[in-house]
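Asks: Below, each chain spelled out in residue letters.
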Amino acid sequence: MSWTAAQQRPGGAATAPPILEMRGIAKRFGATQALDDVSLTLRAGEIHALLGENGAGKSTLIKIMTGVYQPDRGEILLSGQPIAIGSAAEAQRHGIAAIYQEPLLFPDLNVAENIFVSHQNRGVVTNWRKMFREAEAILATLGVTLDVRSPARGLTLAAQQSVEIAKAISLNVRVLIMDEPTASLSAHEVGQLFRLVRDLRDQGVAILFVSHRMEEVFQIADSVTVFRDGRLISTRPAAEVSPQSAIADMVGREMGLFQRRAPAPKGEKLLSVQGLGRTGVFSDVSFDLHRGEVLGFAGLIGAGRTDIGLALFGIEPATAGQIVLNGKTETIRSPRQAMSLGVAYVSEDRRQLGLSLPMSISANISLPVLSRYLTRLGLIRTSQERDTAEGFRKRLSIRTPNVELPVAKLSGGNQQKVMLSKWLNTHPALLILDEPTRGIDVGAKAEVHAMIGELAAEGIGIILISSDLPEVLAMSDRVLVMREGRQMAILDGGAATSQTVMTAAMGQEFAA
Amino acid sequence: MKWLQRHIRPEQVRELSLLLLIVAAVLIFGSMIDGYYTSRTFNRITSSVAIITVVAVGQTLVVLTRNIDLAVGSIVGCTAYFTGAQLAAHHGMPPVVAVLIAMALGCVMGAINGALVAYGRVPSIIVTLGSLAIFRGILIDYSGARTVTTDSLPKWLLELPRLNFVTIGDLDIRAMFALAVGIVLLFQIGTSFLNVARQFYAMGSNPDAAELIGMPARRIVFSAFVLSGTLSGLAGFMFLARFGSITVEAARGMELQVVAAVVVGGVNIFGGSGTVFGAMLGAIMIGTLEQSLFRLQISEFWRDAILGLLILLAVASDAVILNRLRAIWARTDLKLVARDSASPAEAKR
Amino acid sequence: MNIRARLLRWETLLLAMLVVIAGLNIAYSPFYLGVGNIVNLFQLSIEKIIVALIMTLIIICGEIDLSVASVMGLASCVTAWLFQMGWPMPWALVAALAVGGVAGLINGFWTAYVGLPSLAVTLAGLIGYRGVARILVEDRAIGGYPLWFNNLGQQPQFGPLTISIVIFLAMFAIMAVVLHRSALGRLVYVMGNNLQAARYSGVRVRRVKLLLFVASSMIAALAGLLYAARLGSVRGDMAQGFELDVITMVLLGGVSIFGGSGNLLGVGLSILVILNLRNGMGLADITGNTQTSVIGALLILSVLVPNMARMIHTRWKGRET
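Residue numbers (my numbering), protein chains in the order written: chain S, 1 to 512; chain Z, 1 to 349; chain E, 1 to 321.
Isolated chain S, as found in the complex (with noise of 0.2 Å):
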């Protein structure tokens, strides 16, 4: 169905026959269905983008079509034939290659060899002179000036950018897919890069362009496909599509899914910051927040938003503005310091950074403030440990047979309430929920947020960071949004519709 939107397309690759065609592709991890029967076909010159907002199941896709998952269900087809994927190296063999907006280099190699470090036939004996040239000569054809020379460790990340691409035009591939190529680099370089896209397109290689920036994909892509909640939502010629109605398709979901917050009263004011910024990180940030009062934070991935979290708690300090927390002018230097003063941080990366998975819950959640849990020579008292993690266990129902079990024995869902009840257990005046339900089950959300109801409730000033668009907007009195390391908007609890947000988040005028 997906593909023959495509073949109705009038003019030139619309009679391209297809390179790539994924049939009915399904995935699923855990609770979460990432895939639910995608078709998509990708043809000889044609720029094909994908879009969608975060966890929209584009990655997954990805990350199929390049050999590191393997689908639940559907095939996979070369030019006709059926193909397994079963790894990177076979996905390369295949001529499928990948563009990450994080590249993936050896950091002590040379340029040049970076570039070429997966040729499967390179010989016996490098050729650097040969090598050197030849590198010089792909990143001239990008019209970048690099040293081929110098170790990929020094460079910039826009150079390193122009590296992977490089690589992958070293390899002469038939199926190019970029996944957020543009995102580190300067307006000079877009265009660049378009050119190179262009001529790669022309000399009839498939490409999937996947962006967030709606400007960037309508200059150059040819046809274009939605993807929301796993499910392809339509493809389109370019000709066809408009950013309304690409956004529109993009946010279309029903809202029903997360009943609104009801409003708590708003208390007095607990945080105001001016002007604050980190260099190269973000920049500019101004707004207050009220105890009781729940400020959402939207965005796409890598605008700032978990940037701010984390000067906030002094994990990576502001190095610009001013933070005034209950009337007084802080600087905040590090958790420790931040936790003194009432601020909490969840983080969305549970696994690295928020738990300890080996050890047990009522230690995870005691571990912020363990000297509350010492008797006077020192030894912690586990009955007292013990009774906080049963109390936090019956409060957000954390489905466990006893709270002496190892973190890592949970279900997503509840290692996530652990995280909340760890935080909880500091008596936190400012909680930073960042992403806290990505991940975990339905039923579990739903508890997530009435908790984050009730601890608004009780006079608790709650900054939201979340991509997942209707949450934020359920959950939130008013929602500020970030654009790549600026604040675009704060919008108001009414003026905040999941059009006007994602309009500011993508940079895109929106009449609605």
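There could be a bad hint or two in this list.
As the list claims (entries may be wrong) - Listing some non-contacts, in silico: residues in chain Z with all C-beta distances to chain E over 12 Å:
#	residue
1	G120
2	P216
3	N268
Said to hold, decoys possible - Listed below are several chain S residues computed to face chain E (Cβ distance under 10 Å; list not exhaustive):
#	residue
4	P335
5	K422
6	L424
Rather than coming from a laboratory, the hints here were simulated on the basis of the structure. The beta carbon of each residue, even a glycine, is placed where N, CA and C say it ideally should be.
Position chains Z and E against the provided structure of chain S, taking the given hints into account.
Replies: Just chains Z and E, lined up with the frame of chain S:
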């Protein structure tokens, strides 16, 4: 500065400064010791450096892959003793066969370590800590604590250390030192040009990416240990030739000197960067210190204290100074690339 | 925890090993169970097992201290040197402990505050502190200490027990409480498991690391002094190579080299296994070096066997599905 940046890499700055440090050390010792600049001093330093260098080459390969081989001292001791015992028993054995025996024995020992690390998935520090003790224990049992004595060995072997490769003016380049330099050259060229050898760097630099593009990770680690063992075997033969009389304690503790040479030579202890040539410079630095302090009447006992400081400085400079240097170098790259960078780097996470 | 899991626990295996070894020893020698033999069994390695206790904490925290043996040597050499210069013995001992503390500060500073790998820093310490010890005593053997000092290491002071054994037992109890009951112990585990999560929870990770390295070096210094008292004479190469034995004891006790797991019970059992194994092999006229190889093999097997079991298990499971 521009010229410098175009022609020299930060990594080479590291090696150059070590070279300068060696020259400075030689000048300082020369001013303190009468008759320092003689061929005797040179010979003494080069023959001690030769053995350490050969082992350090193998160690470099292992460290590049994010591992460590602490068993090298025991391998050198074992091969030296075993080869010595064979030569004592069979006087007519051709030299080539003796060298091959030593290398084959080292190869087998290295293969055991490598198999345990690569295929048994036991951390290298545990494996080689254990095999350090095991190999030494086997040696002592095998030998019955007897000593291989000089007079039991064939004449050609005992004359080997004094065999000259070439004489330049007053300086004799001993054959064993020439052999060590030859091995360094061989491996320097090999690791720079052979695609198989480049995988050592790739593996140590980014193991995940290496595996993703289908590099044979385990085989790479295994072969690093095999090469380290084989070279240690060769060094065992050189050790036998140099000292003639071999006790069961031979080369005990050599692993520390070797790891020190590698680290001082700029090989990153966490893998991925460093060169065989740098490891040789590290060995020369350490050998110069060792032999010169010995000549100084003050005390040879200062050697280890200075060596410890040197290692600390080497590691610290890798972590702090090299990053600075790279930043300076990278900044010039940035200017070339982002001539019109309109917005700062946006995506960070 | 079900019975099967309990049986497969590392501590259970160690205990079984211990029972077998002790049984063989008892069958082999009638003197084995004598108080004299048991005291002697401890006394012969007492300095190493004291250091193994603090090494347990360091490794669980995800670090390593290779310099302990050199600090042992350094501390005894400092005492010997000062004593020879005419210092009263008690002050010389205090000074040696202080020098141990400084060595720990150096290790801890470079590791925790500069962020260098502890493997490299303490390797430098291993060579460097030994070097300082050599500078102090050169190639002499310094003896002739007051009788009370020698008695401290050689004579039973508490019933049949020497002061070293009493210190070990007390330290074992203290370390067990610290590691398994105190806040510090909890932080050691958390940091070993996931250093970033500890940092994100407001744990002052650098301070904990520094504290551990200082404690490690001071305990090593104390052990070095006990060793000097036992031998009655100090040389530059005292305790050389002990770090390998110490680390072997800890790792054989089931402590992961990557940090985060293991416990003091396991290390205690592994100490008993190693001591009894050495003792038994000694009784059976097996040389010290064969003993060392057996323990080396045990160290490798202690990681290899569980690894292989896991690999075979997953392969087997994979075939089922």
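Asks: Enumerate the violated hints, using their earlier numbering and listing them in ascending order.
Replies: As far as the earlier hints go, 1, 3, 6 are violated by this structure, in ascending order.
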